[in-house]
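Visitor: Kindly produce the complete structure, drawing on both the sequences and the hints.
Number 60 in this note's numbering belongs to position 60 of the sequence shown; there are no gaps in the numbering.
Please note that a few of the clues may not be correct.
Restricting the straight-line Cα-Cα distance to at most 25 Å, the calculated cross-link-like pairs of lysine to any residue (SDA-like) are [stated by the list, open to error]:
id : residue 1 : residue 2
1  : K34       : V14
2  : K19       : R43
3  : K54       : R43
4  : K50       : Y39
5  : K48       : P61
6  : K50       : T7
7  : K34       : S18
8  : K19       : T49
9  : K82       : L27
10 : K82       : E68
11 : K66       : A24
12 : K30       : S18
13 : K50       : D62
Please keep in mind that the hints were generated in silico from the structure rather than gathered at the bench.
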Amino acid sequence: MHNELQTRLDPQTVALISKIHGPAHALRDKLLAKQGRIYLTDRRGKQKTKHIDKLRPYDVPDVMRKIEANVPNAPISERWRKLRRGWMG
Numbered sequence: 001m002h003n004e005l006q007t008r009l010d011p012q013t014v015a016l017i018s019k020i021h022g023p024a025h026a027l028r029d030k031l032l033a034k035q036g037r038i039y040l041t042d043r044r045g046k047q048k049t050k051h052i053d054k055l056r057p058y059d060v061p062d063v064m065r066k067i068e069a070n071v072p073n074a075p076i077s078e079r080w081r082k083l084r085r086g087w088m089g
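Guide: Spelled out as structure tokens, the structure:
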């Protein structure tokens, strides 16, 4: 998670976000990263942020949903699907 915050502060990442989502979104994202806020996505697809120091184990599904939305083929995605299947029966 700390790596994500550092990546979001990187000037190249900010420039890329600006090209994709616009400069206002890039500046907001950079500000949130400076504040230590991580993106989460709930079951209904609603995005929210939470300070990294306030994350709890029950936040993991929301963090994982956000990662999967941004990086669908990330190695973590398959592991997460297996864990989720195990938890849900």
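Visitor: Need the list of violated hint numbers for this structure, in ascending order.
Guide: 2 and 9
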